[in-house]
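S.K.: Sequence order for the protein chains is A and B.
Numbering-wise (UniProt numbering), the first sequence opens with residue 1 and increments by one.
Numbering-wise (UniProt numbering), the second sequence opens with residue 1 and increments by one.
A hint or two may mislead.
Any copy, or any two copies together, can satisfy a pair, since identical chains are not distinguished.
Okay, derived cross-link-like pairs now, BS3-like style, lysine-lysine, Cα gap no bigger than 27 Å in a straight line [what the hints assert, rightly or not]:
(1) LYS422 <-> LYS111
(2) LYS358 <-> LYS111
(3) LYS36 <-> LYS81
(4) LYS74 <-> LYS422
(5) LYS348 <-> LYS110
(6) LYS50 <-> LYS151
(7) LYS462 <-> LYS401
(8) LYS422 <-> LYS372
(9) LYS140 <-> LYS151
(10) LYS10 <-> LYS422
(11) LYS321 <-> LYS462
(12) LYS175 <-> LYS81
(13) LYS422 <-> LYS110
(14) LYS349 <-> LYS268
(15) LYS50 <-> LYS422
(16) LYS50 <-> LYS358
(17) LYS401 <-> LYS74
(18) LYS50 <-> LYS81
(19) LYS361 <-> LYS413
(20) LYS287 <-> LYS110
(21) LYS50 <-> LYS401
(22) LYS92 <-> LYS10
(23) LYS413 <-> LYS151
(24) LYS268 <-> LYS287
(25) LYS151 <-> LYS372
(26) LYS32 <-> LYS372
(27) LYS151 <-> LYS74
(28) LYS361 <-> LYS422
Calculated from the structure, these hints are not laboratory results.
The structure displayed is predicted, hence computed values, not measured ones.
Protein chains: 2
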Amino acid sequence: MNYFARKKIKNILADQIEQYNDIIVMGWVRTKRVSKNIAFIEINDGSCLKNLQLVILEPEEFPLAEINTGSSIKVTGYIDKVEGREQSVEMKVEQLEIIGEAPADYLLQKKRHSFEFLREIAHLRPRTNTFGVINRFRSKMSYAVHDYFYKNDFKYIHTPIITAGDAEGAGEVFKVSTLDFKNLPQNDQGAIDYTQDFFGEETGLTVSGQLEAELMATALGDVYTFGPTFRAENSNTSRHASEFWMIEPEMAFCDLTEMMTLMEDFIKNLFNFALQQSPEEMEFFNKWIDKGRQQIIADIVEADFGRITYTEAVDILEKSKADFEYPVSWGIDLQSEHERFLTEEYFKKPVMVTDYPKEIKAFYMRMNQDQKTVAAVDCLVPGVGEIIGGSQREERYDVLKARMEELEMDLEKYQWFLDIRKYGSVPHSGFGLGFERLLMYLSGMQNIRDVIAFPRTPGSAKF
Amino acid sequence: MNYFARKKIKNILADQIEQYNDIIVMGWVRTKRVSKNIAFIEINDGSCLKNLQLVILEPEEFPLAEINTGSSIKVTGYIDKVEGREQSVEMKVEQLEIIGEAPADYLLQKKRHSFEFLREIAHLRPRTNTFGVINRFRSKMSYAVHDYFYKNDFKYIHTPIITAGDAEGAGEVFKVSTLDFKNLPQNDQGAIDYTQDFFGEETGLTVSGQLEAELMATALGDVYTFGPTFRAENSNTSRHASEFWMIEPEMAFCDLTEMMTLMEDFIKNLFNFALQQSPEEMEFFNKWIDKGRQQIIADIVEADFGRITYTEAVDILEKSKADFEYPVSWGIDLQSEHERFLTEEYFKKPVMVTDYPKEIKAFYMRMNQDQKTVAAVDCLVPGVGEIIGGSQREERYDVLKARMEELEMDLEKYQWFLDIRKYGSVPHSGFGLGFERLLMYLSGMQNIRDVIAFPRTPGSAKF
């Protein structure tokens, strides 16, 4: 529907307008060239990467001197199609109005800025070419996720952000409280009395929606989460953020093998969506961020993913003559160098590795018959290694309870999680994909801070 | 794509399968009737409200005695179409396997349970008819939101959950910290030294993504948020939760009038989606939750929303002979009884009220020429009153700064918010819709705790 008087530049350039005269366009000035008899201004309105070229035939009639890079203007005029040029559409300006000036101290002058610098001015960086592209891409890929699951009849669930469980082993938790820190209530034992806190117990920010997703899957069938999760780890790497978005599908009546088929289909669909539905952004990444990225993604869409067990993988790694920093033996957690060897050197395509030693995987993964490995799967892709991890879940009440006792977990906290195994338990499986990791992989961007509009990292929550 | 060996009951009942023999179905037993020569079992797999009827012709061959309400089973057999009956499809069972038993202490036996009771067992309630319907409906309406904005070329943005700003006036904030509460660091002034906290300053959970959405709109054009927001208010009402999902579109180059057109179109599209794309759920609500609900929703889809100023509204209310609990005069915040009079009695359809006194609205709303009112709008609907609130935002740097100083706000914290007015400022507008309020309105559900899978309210974060 057309709510707006103005036309979007994206639609004008794609010739998706019905009208060519008395067009109103609003946007921000990117460049200005003024000569005696003609002036050119390129403006951008955020709807796409490309600018619209404005042509002004009587420059002296317009307040061009007051227009700087970053100024916002409103123009009225008509659209002219120019045959045989790259910029085939331009707009002849009849009226021009300055909406907002951009004083000379505007930091985004026309030149290239480093990503490090732009992080310092995160409130302005969405106005740059690169971060405009990234933010539009993030939006499109979010839609791709929802659209894939909707069309495959998964139910989207909102798992809680504030939680009293501690999701064993997933990571450090941010505490959430309304207590007066300067005057904390104490109980009889001299400990902090959390019964007086907002929720009547100690609470924190979720590290994963998986356990709740399992609960929902064992009622609704196929579900997925797509929401923020949190890790309070003090790790300042280019791949970790304290707040990030996770996609966690969980399927009832689904074993590991079926899930692997889904996982492969899901990745290929998302990658294909990027190539087909987001070509402007993918071409930008391919040209400016990582040459060859489009081909890498296209190859994965066409590949038959390999399938191999952890034990086979260790065997391959041990027999290889590769010079690994971390030595390989059965039982180790595979390092990035090992994963990359498997997918880049050995398979030369994505590979799904299954059946890991139980000691290096989470308590809820289903024990295999050998009693040594669990029905886990990691999907490895060239360039980074693991991009998705998942497992069939332990649905056998007694087996799960024994494992939790072995790990000395607080069974009372997980009573509801055990209950869903006690009553009408079913085989079920699920996996997790970090949304920012997906975006980094598709775009070739190297720092997680640059694929989130407002990154949270240790010491940084400014914007 | 078909990843799964099993067939979903939804697809079988809708005759969306290619195969009728050697069908595998898995699900949870809802009812069982056994006689000497025949047995009937109804199972549900979460894919839809309706059960699939299983027919067992030689009951003594199967372990029927061990099957209870809530057990999960796997059956193989063939689909039989029965003409001229309401339940026109049934499945003849050839093999049956019990996957998970349901001991006699299973709380969801076949009878009606009160919503209050079901809240106590929130980990099991998604398995009931009502909460299966609600969770599927929530999922569909989430998709409706994303689909509407995607097709209208809005960009979905993830605004931060952890924030250092305090979003003046929006409500009480949950504190987020990793400090050791028992051993809090102090600064020279004897106050808590938040520079030692995880983010180097005091942080809390967001109460709204609006300010960040404004920032993104003034770079990307049309954007929206759809994510969790938080209020630490100790209010135990049926309409307030401490964690809820908000939808907040924000449009650059858009004035109040254009936004009102968008707002009306948005509501009508969502309501129409519910009726057209979610008929099973809407019929359920209409039958079991609130008779007549479908017609109320259909009427709104067809209505031309009224438009009126606050001043006109006060005039209408003052001239009415209605017996209000709260007396009406220019300057008051309209109460629910006033809003409902306007939409139910006077207009008999939704009405958008604009231009409220500045004193009862937020600091960021655009001052009107009269210097007394701001360019705000509330959309009122029959039955509840306000369902959406929005405004044109103050884009004039000097005017906004003066207003913030008048309200004694901390300008330093909002420097970035002022900056986007300083450089290439543009007119922009936005509104907010609480997703749970939308679901309650469409379904007729009366308690917000019953439209969120894992509600957070004072004293309650158990599941």
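S.K.: Each hint should be assessed against the structure and marked as holding or not.
M.R.: Going through the hints against the structure:
{"no.": "1", "hint": "LYS422 <-> LYS111", "in the structure": "between (63 Å within a copy, 20 Å between copies)"}
{"no.": "2", "hint": "LYS358 <-> LYS111", "in the structure": "neither (53 Å within a copy, 42 Å between copies)"}
{"no.": "3", "hint": "LYS36 <-> LYS81", "in the structure": "within (24 Å within a copy, 81 Å between copies)"}
{"no.": "4", "hint": "LYS74 <-> LYS422", "in the structure": "between (65 Å within a copy, 17 Å between copies)"}
{"no.": "5", "hint": "LYS348 <-> LYS110", "in the structure": "neither (42 Å within a copy, 55 Å between copies)"}
{"no.": "6", "hint": "LYS50 <-> LYS151", "in the structure": "between (32 Å within a copy, 20 Å between copies)"}
{"no.": "7", "hint": "LYS462 <-> LYS401", "in the structure": "between (44 Å within a copy, 20 Å between copies)"}
{"no.": "8", "hint": "LYS422 <-> LYS372", "in the structure": "within (24 Å within a copy, 63 Å between copies)"}
{"no.": "9", "hint": "LYS140 <-> LYS151", "in the structure": "both (16 Å within a copy, 11 Å between copies)"}
{"no.": "10", "hint": "LYS10 <-> LYS422", "in the structure": "between (55 Å within a copy, 26 Å between copies)"}
{"no.": "11", "hint": "LYS321 <-> LYS462", "in the structure": "neither (48 Å within a copy, 53 Å between copies)"}
{"no.": "12", "hint": "LYS175 <-> LYS81", "in the structure": "neither (59 Å within a copy, 56 Å between copies)"}
{"no.": "13", "hint": "LYS422 <-> LYS110", "in the structure": "between (64 Å within a copy, 18 Å between copies)"}
{"no.": "14", "hint": "LYS349 <-> LYS268", "in the structure": "within (13 Å within a copy, 47 Å between copies)"}
{"no.": "15", "hint": "LYS50 <-> LYS422", "in the structure": "between (58 Å within a copy, 24 Å between copies)"}
{"no.": "16", "hint": "LYS50 <-> LYS358", "in the structure": "neither (52 Å within a copy, 40 Å between copies)"}
{"no.": "17", "hint": "LYS401 <-> LYS74", "in the structure": "between (66 Å within a copy, 24 Å between copies)"}
{"no.": "18", "hint": "LYS50 <-> LYS81", "in the structure": "within (16 Å within a copy, 57 Å between copies)"}
{"no.": "19", "hint": "LYS361 <-> LYS413", "in the structure": "within (20 Å within a copy, 43 Å between copies)"}
{"no.": "20", "hint": "LYS287 <-> LYS110", "in the structure": "within (19 Å within a copy, 62 Å between copies)"}
{"no.": "21", "hint": "LYS50 <-> LYS401", "in the structure": "neither (58 Å within a copy, 34 Å between copies)"}
{"no.": "22", "hint": "LYS92 <-> LYS10", "in the structure": "within (17 Å within a copy, 56 Å between copies)"}
{"no.": "23", "hint": "LYS413 <-> LYS151", "in the structure": "neither (36 Å within a copy, 43 Å between copies)"}
{"no.": "24", "hint": "LYS268 <-> LYS287", "in the structure": "within (22 Å within a copy, 42 Å between copies)"}
{"no.": "25", "hint": "LYS151 <-> LYS372", "in the structure": "neither (38 Å within a copy, 50 Å between copies)"}
{"no.": "26", "hint": "LYS32 <-> LYS372", "in the structure": "neither (68 Å within a copy, 40 Å between copies)"}
{"no.": "27", "hint": "LYS151 <-> LYS74", "in the structure": "between (41 Å within a copy, 25 Å between copies)"}
{"no.": "28", "hint": "LYS361 <-> LYS422", "in the structure": "within (23 Å within a copy, 52 Å between copies)"}
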